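Protein chains in written order, with my numbering: chain P, 133 to 212; chain B, 43 to 410.
Since the hints were made in silico from the structure, they are not lab data. It should be emphasised that the depicted structure is a prediction, and the values quoted were computed from it without experimental measurement. It is possible that some hints are incorrect.
[Stated by the list, open to error] A short, non-exhaustive set of chain B residues, derived as facing chain P with CB atoms under 8 Å: (1) Leu51; (2) Pro53; (3) Thr84; (4) Pro193; (5) Glu294.
[Said to hold, decoys possible] To give a feel for the contact side, a few chain B residues facing chain P, derived at Cβ under 8 Å: (6) Arg66; (7) Asp168; (8) Leu172; (9) Phe188; (10) Thr190; (11) Thr191; (12) Ala194; (13) Asn242; (14) Ala245; (15) Phe268; (16) Val298; (17) Asn304; (18) Lys306; (19) Ala307; (20) Val327.
Just so you know, even glycine gets a beta-carbon here, dropped at the ideal spot from N, CA and C.
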Amino acid sequence: MCLAIPAQIVELNDLHAVVSIGGVTRDASVMLLEDAAVGDWVLLHAGFAIEKLDPDEAEKTLALFREMAAAVPGPGPDAA
Amino acid sequence: MPPEGFNPLDPFRDPAAAAALIARIGEAWDGPPVRIMEVCGTHTMAIARHGLREPLRSAARLISGPGCPVCVTPDGYIDAAVALGEMPGVTVATFGDMVRVPGTRTSLERARAGGADVRIVYSPLDAVALAAADPAREVVFLGVGFETTAPAIAGSIVSAQARGIANYSVLPSLRTIPGAMALLAADPGVKIGAYLCPANVSAIIGTDAYRPLAERFRLPCVVAGFEPLDILSAVLMILRQVSKGEARVENEYSRVATASGNRKAQALMGDVLEPCDADWRGLGVLPGSGLRIAGKYAAFDAGEKIGVAIAPTPERPGCRCGDVLKGMIDPPECPLFGAACTPETPVGACMVSTEGACAAARRFGVGA
Ligand code: SF4
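Just chain P, with the same shape it has in the complex:
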């Protein structure tokens, strides 16, 4: 039930946003966000953007995965 879908804000009118989910648009409230701007990635849950999705942090986490996946010495070309 706590699932939230990533969506991108494509239109903003005060607290009402139009967001795009993989090209499909839908209305959302941005009442719960401190500041919101067109182009922001947000997580949509029950009609509300509950938080922003930080693309830089997402990149860092993906880099961490790559590091962790290769971190233990052992056989294989990618061993650290």
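Add chain B with the ligand to chain P, keeping to what the hints say.
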């Protein structure tokens, strides 16, 4: 506009990286398997769907906790919702996963077939819109959920008030997660070694909320997203803490969750809602673990407004939902599992909600 079909979560599902992480997990810990409880139904579903439980078994036992709001909602609440739907002039609006849950008498779905006005909505704001469109009817939204959903419900009340919509109200059944986690950590029968902390609940409350738990019970607590790589790397982070004898809060979900959480959502919840004791199916009444509508918004509280009471209800005979929700047994250990209790004819709530541990075990295979 992002291209059609684009999903920023795709890189978090890469199967090759998942296989590499599973190998690292096997190497990270060679003691007895660490019992890691996930307290969020969305994690339970993801673990079952991607088959993550089995390959980790030698190092970690992933056990499901009470993390599905539908599963922990007691029968008495369903009975009250059905009674509301059967009242003339009342429309009950609800998230779809509530309609099949059996109460002591019937479910909302069967009540609707019998003439009750029950509508499935995607957002509480849709319920506000229903109320605006038909001022002669009282529209009651079933406010079931955890901290992820509570701000949306608070937001719907503020929005209805601002728009002068007087025929909208909420029957709240909101619960907060950290208190339940502390109770389970203190229960000697449950034996938790670490917590996989929920993603979006943490986005609201902040990852610092688990610090007292990590310190008091010496449990590693890792906040994780819902994708397979999120879960696997969080398990690896937990095992690395365990092997070093550490018990800290770590945040794998930093793309969304911060240490202090969403302060605007917290402020809105603090204005509209207030803590109360809450009855959790299978766990009983946990002091201070629920949220009710604050007195100044009583006009939006269906319980106050219409006077419907939620009666305490005993557990069903034979049903082991309580033990499943505490992670004390695996679903197949319940004598009703797969026999009397199936997704088509659920006895307990863990089988009704798609996020329930029993439904996930049934759908994706025993041991899933
Ligand atoms: S199998 Fe059914 S009755 Fe048994 S614990 Fe699961 S949901 Fe409850």
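Hints and how they fare:
1. Leu51: 6 Å, holds
2. Pro53: 5 Å, holds
3. Thr84: Holds. Min distance 5 Å.
4. Pro193: 5 Å, holds
5. Glu294: 7 Å, holds
6. Arg66: 6 Å, holds
7. Asp168: 7 Å, holds
8. Leu172: 13 Å, violated
9. Phe188: Holds, about 6 Å.
10. Thr190: 4 Å, holds
11. Thr191: At about 6 Å, which falls below the 8 Å cut-off, the nearest Cβ of chain P leaves the hint on Thr191 (chain B) intact, so it holds.
12. Ala194: This interface hint holds because 4 Å falls under the 8 Å limit.
13. Asn242: 5 Å, holds
14. Ala245: 4 Å, holds
15. Phe268: It holds, given that the least Cβ distance between Phe268 (chain B) and chain P is near 7 Å, below 8 Å.
16. Val298: 5 Å, holds
17. Asn304: 5 Å, holds
18. Lys306: 5 Å, holds
19. Ala307: 5 Å, holds
20. Val327: Nearest chain P Cβ about 22 Å off; hint violated.
Violated hints for the displayed structure, listed by number in ascending order: 8, 20.
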